[in-house]
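Asks: Taken in sequence, the protein lines are chains A and B. For the first sequence, the working numbering gives the first residue as 1, with consecutive numbering after it. For the second sequence, the working numbering gives the first residue as 1, with consecutive numbering after it.
A couple of the hints might just be wrong.
Said to hold, decoys possible - Sample of chain B residues facing chain A (criterion: CB under 7 Å; computed from the structure):
hint : residue
1    : 35
2    : 37
3    : 38
4    : 39
5    : 40
6    : 118
7    : 122
8    : 133
9    : 215
10   : 216
11   : 227
12   : 228
13   : 230
As the list claims (entries may be wrong) - With a straight-line cut-off of 16 Å between C-alpha atoms, the simulated EDC-like cross-links for lysine to aspartate or glutamate are:
hint : chain 1 : residue 1 : chain 2 : residue 2
14   : B       : 230       : A       : 170
15   : A       : 102       : A       : 125
16   : B       : 230       : A       : 169
17   : A       : 102       : A       : 278
18   : A       : 205       : A       : 169
19   : A       : 205       : A       : 162
20   : B       : 230       : A       : 65
21   : A       : 205       : A       : 354
22   : A       : 242       : A       : 253
Since the hints were derived computationally from the structure, they do not count as laboratory data. For each residue, glycine too, the CB sits at the ideal point set by N, CA and C.
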Amino acid sequence: MTARIACRYLMLVSLSVPLASVSAEEADTLYLFNWSQYMDPSIIEAFEAEHEVEVVENYFNSNGEMFSKLQAGGVSQYDVVVPSNYYVPRLIESDLVQRLDKAQIPNLDNLMETFIDPAYDPGNDYSAAYQWGTTGLVYDRSALGEQPASWSVLFDPDVNPDAPFAVPEDGQVTLGAACAYLGHGYDCTDRDALEKAARLVLDAKARDNFAGFIQGTPVLQQLVRGSVSAGITFNGDYFYLKEEDPEGFADIEFVIPEEGAEIWVDTMMIPADAPNPELAHAFINFILDAEVGAQLSNWNYYSSPNAAALPLLDEVLQAPPISPTDETMETLAFTPSLMGDELQFLQQIWREVESR
Amino acid sequence: MSVTLERSLRAFWIVLMVFLYAPLAVVVFFSFNAINSSARFAGFSLRWYERLFSNEAILSALANTAVLATTSTLLGVAIGLLLGYGLYRYRHRRLAWLIWLIYLPVIMPDIVFGLSEMTFFVTLDQRFGVLSPGLGTMVIAHVTFQVPFVALLVHARLLSLDPQLFEACHDLYASPWQRARFFILPVLTPAIVASLLLALTLSIDDFVISFFTAGPDSTTLPIYIWSAIKKGVTPEVNAIATLMIVGVFLVALSSLLLQRRPDPSDPS
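Full structure from sequences and hints, please.
Replies: Have a look at this one:
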């Protein structure tokens, strides 16, 4: 008898837990799925105060992780996600995102020309730029001396015979850099060029001073530690950490190689079944405000896609390499959004490089 | 024992301790760094602890971890206790093979378990609109992996008892309630305490299964740490880790003290 009552109590408790979590979702809440250390907390507070809502921010580590989370039910749980440009077509293709209602986002007009009607999302039908940046070369002047802005620091054994160097395990970035060094441009998709690039990376990998595959952000800590002397990183993370530790970064230089490099942009998109699309539109409009946009860039040291925000940026953000010269801009290219066979070929060739 | 053997055993012991604790010491050390770097120590500061306690995301992750761990532990131990007892009570009915069904979740890799739970919950949510990923689904998932451990502990403890003790209860006209209250529960107390601590640790530790079953509102500390290390390990993450190390240390210490308390049922 007692056991039965105990059982019933247990059932009651286990039922009430999921119910409680359901009712909590009914309050006006914006669910934001973003990269970490990418959003100034005071912007979130300002938005919460202005719209009298709660903002819950979750973080992801890679576009792939975000994509699979959306596929596994996240499509009806998040209001705004922040994918990189080359993932935008994949999200649209998979029906995971919805069209933007531009009438609700008047601040779209603030966007720079580069980000209006971009190749990855013609007409900005689905996405609005959040922040952009470049993926360039970072090296330690005390180990390598003053170097010209060129990928040769990584790929030419004569330029760098013995200082340890690393490249990211992200195949598209590393192969792109190798392609650019070979003169095919960062955004090469030609199979021949990709194969040559893969051979170049394999040659680099065989050298004694190859330190391994290290991603753009952790490689910066290794440079400060001195265990790596050259690598590939993002402009924003470099300046963010340099500001924090000017002494450690005194000899560490970030350059955009002349042969061409990546320009990327992270965009705000609304999942297809977002719980609160209206609030999502309001949030996107809020971020695209001139002052908010400037505050965001001043906080995370990435370039602002917001033309109206440019005059309000800190000095370091207005100068190259965060705001590249027009000349440099010419050499920058978006990572091509590969699909189907092309994507498979790239993945296959990269697996080969990694495993050999 | 020969002197050389004793010496090499001692050396082995020291090496073991270094490998166990040196990495933890590094984590604790860098949590007091004055700058945002895991490469260079620029001076002592408590700024990361200050930031930690004003960071809403971390505090809510902490709260989620605590709610999830206590709820799932209480449920898991209760269900596991009943299951362990049931397995013992009906062990003669040619049902002994059922124990293998319980071993299965213990042996199965977390990632398989997590993936299948996720698929299950997502399907339920899409078909019937119940159990959308969140603390509720996480509690269910955690209870599911805690129950086998508890049941096995309880079952093993019961098997170690002399079966005649049950007959003795019967001979003394104990009602089922009295038998449970004055015999079964007291002899099971050590197993229950061990189960509580084990289930609690399993739940706090778990990343893989939580990761697959969590919703946007139910980020736990391990999930938060995972998502925050993309930008390299910041001293803030070190500070969380330090607090977790201290917490685990305190729990271990209290369980040690509890065990050293003289057992009242022990005649000596």
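Asks: It remains to establish, for every hint, whether it holds in the given structure.
Replies: Status of each hint after checking the structure:
1. 35: 5 Å, holds
2. 37: 5 Å, holds
3. 38: With a closest approach of 5 Å, the residue 38 of chain B hint holds.
4. 39: 4 Å, holds
5. 40: 5 Å, holds
6. 118: 6 Å, holds
7. 122: Since the shortest Cβ distance to chain A is 4 Å, the answer is holds.
8. 133: Holds: closest Cβ of chain A sits about 6 Å from residue 133 of chain B, inside 7 Å.
9. 215: Given a least distance of 6 Å, the restraint on residue 215 of chain B holds.
10. 216: 4 Å, holds
11. 227: For residue 227 of chain B, the interface hint holds, since the closest Cβ of chain A sits about 4 Å away, which is under 7 Å.
12. 228: 5 Å, holds
13. 230: Constraint on residue 230 of chain B satisfied, holds at 4 Å.
14. B/230 - A/170: 14 Å, holds
15. A/102 - A/125: 8 Å, holds
16. B/230 - A/169: 14 Å, holds
17. A/102 - A/278: 12 Å, holds
18. A/205 - A/169: 12 Å, holds
19. A/205 - A/162: 13 Å, holds
20. B/230 - A/65: Roughly 12 Å between the alpha carbons, so the hint for residue 230 of chain B and residue 65 of chain A holds.
21. A/205 - A/354: Distance of about 9 Å is within 16 Å: holds.
22. A/242 - A/253: 10 Å, holds
Of the hints listed earlier, there is not a single one the structure fails to meet.
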